[in-house]
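Knowing the structure of chain A, use the given hints to seat chain B on it.
Chain by chain, the residues:
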Amino acid sequence: MIRTQRTFPADTTGADLRLSGLCKTFATSTALHDINVTLPQGQFSVLLGPSGCGKSTLLRLIAGLENPTSGKIHLGDARIDQLPPKARNLSMVFQSYALFPHLDVAENILFGLSVRGTPKADRAARLHKVAAMMGLSDLLARKPAALSGGQQQRVALARAVISERPVCLMDEPLSNLDAKLRAEMRVEIRALQQRLGLTMVYVTHDQVEAMTMADRIVVMHAGRIEQVASPRDLYAQPATMFVAGFIGTPPMNLIPRNALPGLDAPANATTIGIRPEDVTPLESGAGPQVTARVMAVEYLGADQLVTLAIEGATLLLRLTGRAGALPATLDLRLPQLALHFFDAAGHRLPSPSDLSHPQAQEHDNDQYA
Amino acid sequence: MFRRDWLIAFTFLAPALILLFGFTHYPAIQTLIDSFWTTPRGRRPATFAGLGNYTRMLEDDIFRRAMINNAIYAAITIPTSVALALAMALFVQGRILGRGFLRMAYFTPTVLPLIAVANIWLFFYLPGFGLFEQLRSWAGFSPRNWIGTPDTALYAVTVVTIWSQAGFFMIFYLAALQTIPPSLRDAAAIEGCAPLTFFRRVTWPLIMPTTLFVSVNATINAFRTVDHIFVMTQGGPNNASMLLLYYIYEQGFRFWDTAYASALTVVMVTILALIGIGQFFLLDRKVHYR
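Protein chains in written order, with numbering that gives the first Met the number 0: chain A, 0 to 368; chain B, 0 to 289.
Bound-form chain A, shown alone:
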């Protein structure tokens, strides 16, 4: 279903979106500290982070709905942070969809074109094309209140698509949909982005959305960028302890080093990380052996999550659901190649796990300060 052929001339003005030294201070707090990142043309970039990390503020700065306290935004060679929103050559989909309740679907989709005075014939042709593409052709005369959540979402997307602008911003567009619809829309939005070659900037707090849709994930925390990487690299080599503890369900085990005295780790490593699926019980192989007590078991069908207690720390272990009843204590191997080391400031140190994902070296961390 994903066609790579472009039906819109989105590439005519396509260019990277560059943010440099961007800061935003509100009266009582600082929302963003010195944001430096490049969101490449035609790629799907996701701004990911917990609530209040500044990701929506960053999106509003790009859109021009807020003004940065300092810093610059470039689209290609053009500096756009001084421009009003309409002149920035971008479209936006809002969390609440922001559909005009008194206008029908066709008028909602065409709102921007009619405001900008696009000729009537042109409007009709574009409406026809976009409505067909989004599956809205039969709903054009309906008011938003008569649409389901998924249909409203499509109208909001259609309104962004019909503008034929190269950059599309989305602010948690799927958070008001139910789980099944959300999964469908993830696929659809991704396909749409690829088909139209859009430069997408997508804000979400949902790591599943980020991992499944993104070319590039920008993880944010407390107004700062933690890491910029592809989903695979992000998972394989979290740059900070925050990212390690944020990505993955359940996230990486972060164990104080002194809880694992037998481990071979650099002198300045204070925390050792290992993914729950990388902990292997009762097997021979490389890596130190640890004896742990079983505290709790969560059965999830395909998997089961085992909470273990080791000296001074707890450890999560992911086992296949078929494994039978567990004994009171387990002997574990922590494979050397699955270990991640972090220093006292929470930054990643050269780790054995780097070797198992050599491709990650190339463009990890290249854009963030």
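Just so you know, these hints were derived from the structure itself, not from any lab.
Be a bit skeptical, because a hint or two may be false.
Some chain A residues well away from chain B (every beta-carbon gap over 12 Å; in silico) [said to hold, decoys possible]: (1) Gln42; (2) Leu89; (3) Asn107; (4) Ala155; (5) Arg194; (6) Leu262; (7) Asn267; (8) Val293.
A few chain B residues facing chain A, derived, Cβ under 10 Å [stated by the list, open to error]: (9) Cys192; (10) Ala193; (11) Thr196; (12) His287.
Computed far set for chain B versus chain A, every beta-carbon distance over 10 Å [said to hold, decoys possible]: (13) Ala13; (14) Ile17; (15) Leu57.
Glycine included, C-beta positions come from ideal geometry on N, C-alpha and C.
Okay, now just chain B, sitting in the frame of chain A:
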């Protein structure tokens, strides 16, 4: 067949029904009946007059004056107070310094009884040293008796009405404006929608239900509130500020011509009903209700 639950239902409804019937429906029907009879005086009982009271209106110059005055009064107070209310609401909705104080200031006239408002304005209009006179004398104009001159009396009381009710309508507009999600403004800004276009294409249609409600209320007020006429002009000078309801009061309670007053009341209620129904049918089609 007598049903027990009907009795119970009527028992529950009785208090409201008796009050509503006794004080609203019965007087209304009685007024309509009275308007076809003559006024009983002393030992002379009422006799059936047919349309006599109504034909009398056609020759009644004061009635005609009151109708014309009321039409002018309504034509000015309704659109002006609605427009002023919207303008004030838009002004105090934005992020401006002293917003709370301004909102309160705009609403204050509503809190005051109209009698008190009229008294305040009597001082404004006072010939010689009222507020307007002071301003006029600084500008070098000759003094003027605003409410004592037939040419200006009606407009003087019109201004008072607008002043007293615009703040009240503003509250409704303010509430309506608050319900418009800010994301609509953001979406429009990205599409390149100028503020005036946004108002015309989004804000105005979305607050249409409020406009309808407010304009129906303004219409009713234009015929219903005459408290300030009592205080300021008593319909004078020479009936220049005579309004329909005040004329009804004069006929009914000053001259005790209750039959004629009843007929006038029927005319007024009919006019109000027609305007109200007309407004709903005319505007309702254009109104988007959420």
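Cross-check of the supplied hints:
The beta carbon of Gln42/A sits about 21 Å from the closest Cβ of chain B, which is more than 12 Å, so the claim that it is off the interface holds. Remark: the non-interface label on Leu89/A conflicts with the geometry, its nearest Cβ contact in chain B lying 7 Å away (cut-off 12 Å). Against chain B, the non-interface label of Asn107/A is violated: not every CB pair exceeds 12 Å, the least being about 10 Å. Chain B draws Ala155/A into its interface by the beta-carbon criterion, the shortest separation being 9 Å against a cut-off of 12 Å.
With a closest Cβ-Cβ approach of about 22 Å to chain B, Arg194/A is found to remain outside the 12 Å limit, as its non-interface label requires. Every CB of chain B is more than 12 Å from the CB of Leu262/A (nearest about 51 Å), matching its label as outside the interface. Against chain B, the non-interface label of Asn267/A holds: every CB pair exceeds 12 Å, the least being about 47 Å. A cut-off of 12 Å between C-beta atoms confirms that Val293/A is not in contact with chain B; the least separation is 49 Å.
Proximity of Cys192/B to chain A holds as hinted, the smallest CB-CB distance being about 5 Å (cut-off 10 Å). Interface hint at Ala193/B: satisfied, since its Cβ lies 8 Å from the closest Cβ of chain A, which is below the 10 Å cut-off. Checking Thr196/B against chain A: minimum C-beta separation of about 6 Å stays under 10 Å; hint holds. The interface hint given for His287/B is met, as the beta carbon of that residue sits about 4 Å from the closest beta carbon of chain A, less than 10 Å.
For Ala13/B, the non-interface assignment is confirmed: its Cβ lies about 41 Å from the closest Cβ of chain A, beyond the 10 Å cut-off. Every C-beta of chain A lies more than 10 Å from that of Ile17/B, the closest at about 42 Å, which supports listing it as non-interface. With a cut of 10 Å on Cβ distances, Leu57/B stays outside the contact zone with chain A, its closest approach being about 46 Å.
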